[in-house]
Amino acid sequence: MIKLTLKDQPTVPLEAEMLTPDQFSGLNLDAIRALPVFLGKRQLRVDDFFTVDGEPSDELEIHGDLAKVKYIGRAMTRGRIKVCGNVGMHLGAAMKGGSIEVTGNASDWIGGEMTGGLIHVHGNAGGQVGAAYRGSLSGMNNGTILIGGTAGLEVGMRMKRGIIAVKGQVRDFCGLQMKGGTILLMNGAEIRTGAWMIRGTIISLKPIKLLPTFPFACTYSPTFLRLIAKHVAPLGLSLPMDEQTGTYHRYSGDSSVPGKGEILVWQPRV
Amino acid sequence: MLRITGGKVYDPANGINGEVRDICIADGKVVANVEGGRTIDANGMIVFPGGVDIHTHVAGAALNFARALTPENQRVAAKFLHTKETRMGIGGQTPTTFATGYLYAGMGYTTVVEAAVPVLSAKHTHEELRDTPIVDKACCLLMGNNELVMDLLEVGEYEKAKHIVAWLISAAKTYGIKAVNPGGVAAWKFGKDAKQIHSPIDGYNKVNPGMIIANLAKICDELGLPHPMHLHCNNLGVPGNVSTTLETMKLLEGNRAHMAHLQFHAYGGDDWHTMRSESVQLAEYFNTHPNLTCDAGAVLFGNAVTITADGPWQHLLYQLTGRKWGNLDVENETGCGIVPYTYKGSNLVNAVQWAVGLELLLLINDPWRIFLTTDHPNGACFWRYPEIIHLLMHADIRRERVRALPEAALSRIYLADLDREYTLYEIAIITSAGPARALGMKQKGHLGVGADADIAIYNQNPDGELMFRYPRYVLKGGEVAVEEGEIRSVKDGHEFVCQPSYDAGIEDYLKPVFQQQYTMSFENYPVDAERVHGMQIAECSYQKTT
Amino acid sequence: MGGKVSCTLGEVKNRADFILYWGGNPAECHPRHFTKYTIMQKGKFLPEGRKGRTMVLVDIRETMSVKAADIFLQVRPGKDFEVVTALRALVKGNRVDTALVEETGLKLEQLQDLVDRMKRCKFGVIFFGMGLSMTRGKHMNSAAVLTLAAEMNAFTKFVAMPMRGHGNVAGADMVLRWTTGYPFGVNLCRGFPRFNPGEFSTVDLLVRGDIDAAFVLGADPGATMPQPGIDTLARVPTIVLDPKVTHTSKLARVHITTSVTGISSPGTAYRMDEVPLPLRPVLKSPYPSDEEVVRRIIAAVDKKSAWLPKPATMASGVM
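Chains as they are written, first to last, in the numbering used here: chain A, 1 to 270; chain B, 1 to 546; chain C, 1 to 319.
These aren't lab readings, by the way, just hints derived from the structure by calculation. Beta carbons: idealized from backbone N, C-alpha and C, even for Gly. Check each hint, because a few of them may be wrong.
FRET-style restraints, in silico, Cβ to Cβ [what the hints assert, rightly or not]:
| hint | chain 1 | residue 1 | chain 2 | residue 2 | range |
| --- | --- | --- | --- | --- | --- |
| 1 | A | Phe216 | B | Gln319 | 57 to 63 Å |
| 2 | C | Phe45 | A | Arg199 | 54 to 60 Å |
| 3 | B | Ala408 | C | Lys92 | 51 to 57 Å |
| 4 | C | Val66 | A | Glu243 | 52 to 58 Å |
| 5 | C | Lys244 | B | Glu523 | 38 to 44 Å |
| 6 | B | Ala504 | C | Arg136 | 54 to 60 Å |
| 7 | C | Arg136 | B | Gly534 | 35 to 41 Å |
| 8 | A | Phe216 | C | Met40 | 44 to 50 Å |
| 9 | B | Gln319 | A | Asp48 | 49 to 55 Å |
| 10 | B | Asn524 | C | Thr224 | 28 to 34 Å |
| 11 | B | Ala408 | C | Lys107 | 51 to 57 Å |
| 12 | A | Asp48 | B | Gly6 | 50 to 56 Å |
| 13 | A | Glu243 | B | Asp271 | 50 to 56 Å |
| 14 | C | Met40 | B | Val76 | 44 to 50 Å |
Let the sequences and hints guide you as you build the complete structure.
Below is the structure:
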């Protein structure tokens, strides 16, 4: 395992897209220390900001308050990154495989346009989780993102495939212009959930405020939910399935697009 | 002072076909001889006059709109770092102005014509052109839907219309005029189009597209403009539009005209499922009518951004693609539409479009009358021209590409039957000598004594794409602007404008009409000459030969 | 997807028989708008002027502009996005939830009536103000209105445009586009332009404290930014170019007084419809123009050893 420890928090954002198992592969510690990072307009070295110890490996542990460190795990294809602390924007952006774990909070755009792999944030996440960058036709195209805390605006914007699960509450525009994939809201969301969605499924275990363009369709317990439940079980998530305890209300929309998406809201029996 | 020695010179305007000879340069011009100064050893290289792009969209409100609309393209485009010589920028489908200059010069092109400028935002276009370095520039003024002109034609006031056109060209500091979907864009202001060139345009009793076309062509000739009317025909892009194109060409007999991006106007069939190439039929007519020139408007597979003044077509494309749509109608003058588009080899319509562009380049037998363009960024980006050159030079590679097209496309195109292969001499014509002549730019497109020393020198290479993508040297105004792919010196180019004469009294007619129909002061409408960087006035000396 | 379907103001003057103002109070904030460009003007195709046009106002409260409107629709605060999205569905004849529509403060019949009028007009325009674009939902509220206008073109001619704020905002936008490829929120740290609103836009940089110096030109962020942003401006070296004392200049380390562009120095201003207008000075000022000051700063910076980005900055392909 390679261990990086942040010496001092940078005063302005530090862009560190070199901090991935792919970039580290085949390098000894000195070569890793010499990799470039970018502080504002200045190109500096990894060891200007981090102490680097351990053995060359596909596993990477980063310690410190990295709230201003951006692009960790960018485009990684394999291996594992563990961030012990908070982390900055674009964590795991365009990631293809491997896994990233964050013990603290994460910022915006985590897993932006990712195509595979797993990101697990124990704390809160910012906005645009798994989203498309501005103007892009689609956001995440596969992979899994699990947020232990809350998440911000536009979670899963234009996502095409994959799963995003959020244990805490999510802010506005969750699943905005979604094209496919699944978003699991364990604790509901604020407003405008599923706005302009074309396809895909948003499942909420708590009642949520819907747009007028999501008329009620039916009450049901679809079979595919069992598949999703099975898929997320290893992440420690469980979906209520027992028809004795409740059902799912299906709202179809967004009828303004017009969309073939759906929002399923769990309704416990009273 | 500079001497280029040992290279094979291709200078079609002077009939020089690959002879090894020296080119001498002094004070930015080609001269008979120089003593001393730098010598460029061009052994094993070919020497071309700098490229001239007769039809491109590189500056102006429409392109600037497209930039804002497509950040996803910029994000993946080539990046230009800030260096001692160059400013930072972005390439791609809608390059920033500085990058535009570097990309054109980097490919050996030294003169470009921005093909669509509204009078109302001409100031803006000139600001952008000022920030487009190295290359020389000129622009065409959008006139095919100008309501001041159409209203006069409606009441039979041809002479007055002519003076207004002349006044507008002078006011906007432009070089020539362009007509885009004549009448159709004006009709689009109420959501309509003009599909029949002999039917009156919505809102008019007499004026039809044909009438606008014929009159503007005549006006261009009578004003003596060096470049004829630049025409984007009605019904662009739709199946079966070849009949419109042929009808339009018949209207132009007796006058000069330049048919822009002819590829987009050469389709047969009744709908998208039966769309086919009509390049043979179109080329047959074209070959026998020397009053016409055209540019190819070729398509290459990949991402493009369609940008045109043709508002109704862009609305159709928006509905067909479901992608984003930008539209900006310009009061009393024109419109503009933007839709990002991806040409796919697996798509039948796109396959036909790709073939038609190449077919026209191969079937129109006089290279002096068809020029290499992609209607950048509509059919493909200008920096992909070398790919097309390569295809023009090799029939076997074309056939190989045809084989990769969908089966259903093969019976709808002619490309596989065409054996013609372009020579270097012909490439020099369609990329430089021909467009310069069609533009009436006597100092461009050749290497004779007195010509501007705009010269591209390439390492000779059987791979035409490689050869033309990376010139060894590019000289602009006698200075080495590019050497081995690096920008060496960045000087600003000139802008060519025409100032045709008009009856000064025309302003008395214009002012009250303007006050009624426009929303700015008449005094603010013309572009001040000092706002046009490096302005050079070209003579309006064309005379019709009878 | 949507996009932006717009026109220059002369088209509105000459043709618009249906004018909708959303989240703005033009009577007080853009006092010349009604008389110069929209409802009061006689247009080429609207010889009757005001009589030939229908004006609808959508806002969360009654303002001075209500008097000018034929129809006033009062929407509950924070419900604009819901209304526009419902309108988009109704335009296409799709189903909406009546009860949820009524939570917006408007009845379904009112929305249906609006849609019918929109479809019946010959040329419709929507002007939207900061009551829409700066309230909850922000850019998505603007996107909603722009998309509604774009989709209306399947039925009749329709355009939309924002009522832009003070100063030459549109001009700054235009220059950034042709020089960097992006309209705002541009970052040049890596030696080439990058764009990400929310990350690189001024308000976000200031609020997060992601900067270590500020250069303020033609703006007064000290008056308009949230408090954490103002704190950042006070913390870092801030340089202000402004003809007058502003909230920002008071907390800046350096304030250079400049002449007023358009009054004492020349230039170009872009109208809200992106039409450029030449500015011609009418008075002399003892102060230098913004342009001159910036040029002198550039010349002074040029004397320092050059900072040039290394090609490595591009290798990783961020953004």
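Quick rundown of the hints versus the structure:
1. A:Phe216 - B:Gln319: 57 to 63 Å: 31 Å, violated
2. C:Phe45 - A:Arg199: 54 to 60 Å: 43 Å, violated
3. B:Ala408 - C:Lys92: 51 to 57 Å: Since the Cβ atoms of B:Ala408 and C:Lys92 sit about 33 Å apart, the hinted range of 51 to 57 Å is violated.
4. C:Val66 - A:Glu243: 52 to 58 Å: Between C:Val66 and A:Glu243, where Cβ atoms are some 53 Å apart, the hint holds.
5. C:Lys244 - B:Glu523: 38 to 44 Å: 29 Å, violated
6. B:Ala504 - C:Arg136: 54 to 60 Å: Since the Cβ atoms of B:Ala504 and C:Arg136 sit about 58 Å apart, the hinted range of 54 to 60 Å holds.
7. C:Arg136 - B:Gly534: 35 to 41 Å: For B:Gly534 against C:Arg136, whose Cβ atoms are near 50 Å apart, the range 35 to 41 Å is violated.
8. A:Phe216 - C:Met40: 44 to 50 Å: 46 Å, holds
9. B:Gln319 - A:Asp48: 49 to 55 Å: Check passed, 54 Å falls within 49 to 55 Å.
10. B:Asn524 - C:Thr224: 28 to 34 Å: Cβ of B:Asn524 to Cβ of C:Thr224: about 30 Å, so the range 28 to 34 Å holds.
11. B:Ala408 - C:Lys107: 51 to 57 Å: 53 Å, holds
12. A:Asp48 - B:Gly6: 50 to 56 Å: 52 Å, holds
13. A:Glu243 - B:Asp271: 50 to 56 Å: Once the Cβ atoms are compared, 51 Å apart, the range 50 to 56 Å for B:Asp271 and A:Glu243 holds.
14. C:Met40 - B:Val76: 44 to 50 Å: 48 Å, holds
The structure shown violates the earlier hints numbered 1, 2, 3, 5, 7.
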